[in-house]
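With the sequences and hints as input, model every part of the structure.
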Amino acid sequence: MLTKELKAFIQCIPKAELHCHLEGSIQPATLLKLAARHSIKLPFEDEESAKKFYEFENLNQFIDILSLTSSTLQTAEDFKTITVEFGADAARQNIAYREVFFSYDAHRNRGIEWETVISGIAAGRIESKERYGVEMWFIADMDRTTDPEASLSMVELAHKSREQAGIIGVGMDSKEALNPASRHKVAFDRAKELGFRLVAHAGEDAGPESVWDALDMGVERIDHGVRSIEDDKLLQRLVEIQIPLTVCPVSNIQLKIFPNMAAHPIKRLMDAGVFVTVNSDDPPMFHADVVENYLQVADTFNLTADDIEKLARNSFMAAFMDSAARSDYLQHFTDKVSQLRAELFKQ
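The sequence shown begins at 30 in the numbering used here and counts up one residue at a time.
Hints in this document: simulated from the structure, not taken from any laboratory.
All of these numbers come straight from a predicted model, not from anything done at the bench.
It is possible that part of the hints are untrue.
As the list claims (entries may be wrong) - Below, computed lysine-lysine pairings styled on BS3-like, alpha-carbon distance capped at 25 Å:
no., residue 1, residue 2
1, 158, 189
2, 36, 62
3, 262, 36
4, 204, 214
5, 296, 285
6, 221, 81
7, 80, 189
8, 80, 109
9, 109, 365
10, 36, 221
11, 70, 109
This is the structure we're talking about:
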């Protein structure tokens, strides 16, 4: 049982989030509003039934639901709306910095122009900073199930819009099984050539071989990566190179990667010396934001304030920011942690 002091510490400690998806951030009330705006018929009519709709048994069902919610995003104003709301969500949790995936493949297949997406998230990013003080950057996500040529095309589009929309990286997601990252090596190589930071979802619905494959693509972070625990050699490699894992514990349980939180390997990864961060993935769809992920992990594995501080500090250390910005964030982090320890634990 968590103490009220540790709960408050988790809520108030400054955080960065590095693994969350814009399309998976749409709250039920917003989804209903967007659907009404575009006369889209949804299989539910109110927030309560929408929450029940956000239930699934596996990754395939989850992707189907995500496709439906994404269909409500049709104009630049729609993309701006959800970006600003995600900024407000961050501020509520004391998330000062957020790197957010957006998946253009999901929109291109519906006939949505690249510029529609970009102009919306660019405007939303600015407003989020002005209204909530939250710094948001974007990672353009390749769908590993699509043609490699489509991935390469998206990398070129991202390059043209990187300044406008704050695109700092290129990533990869979707179903890992039978869809290795290496199929898209040309796109990864081009993204690296253009100076983008590289990440990839791996070690989630596929095993350690998916993580090895992602490492071969030159990625700098592994999104999920939790099934690395199944391969001692890979575990040793992750510890040696200290490549961060952006772990989403509740997501892994909801998607049946592990049966319950007690079976989740996050604490074993931490104890082994792997560089771990805690993230939300798609908060409303998993009914768990970043704070809730911290709370569940802390409660299940009896984490201490020191453990929480290390995880939160890791999130800033693993972020794709320059050294000056990192120094500023860490100074604020250190000052705030000292204040919280004095107030909550009398330290």
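Tested hints:
For the proposed pair residue 158 and residue 189, the alpha carbon gap of about 22 Å is at most 25 Å, so the pair holds. Distance check on the hinted pair: residue 36 and residue 62 sit about 33 Å apart at the alpha-carbon level, beyond 25 Å; violated. Under the criterion of a C-alpha separation no larger than 25 Å, the hint pairing residue 262 with residue 36 is inconsistent with the structure, at around 36 Å. Pair hint residue 204 plus residue 214 holds up; C-alpha atoms about 17 Å apart against a cutoff of 25 Å.
For the hint pairing residue 296 with residue 285, the CA-to-CA distance comes to about 18 Å; that is within 25 Å, so the pair holds. Note on residue 221 and residue 81: the hinted pairing is violated, with a Cα-Cα distance of about 41 Å set against a maximum of 25 Å. Restraint check for residue 80 and residue 189: not satisfied, since their Cα atoms lie roughly 37 Å apart, outside the 25 Å limit. Proposed proximity of residue 80 and residue 109 is supported: the alpha carbons are some 23 Å apart, at most 25 Å.
Between residue 109 and residue 365, the direct Cα distance comes to roughly 31 Å. Violation of the 25 Å bound is thereby established for this hinted pair. A distance of roughly 40 Å separates the Cα atoms of residue 36 and residue 221; the hinted pair therefore is violated under the 25 Å criterion. A C-alpha spacing of about 22 Å is found between residue 70 and residue 109, which places the hinted pair at or below 25 Å, so the restraint holds.
Of the hints listed earlier, those the structure fails to meet are numbers 2, 3, 6, 7, 9 and 10, in rising order.
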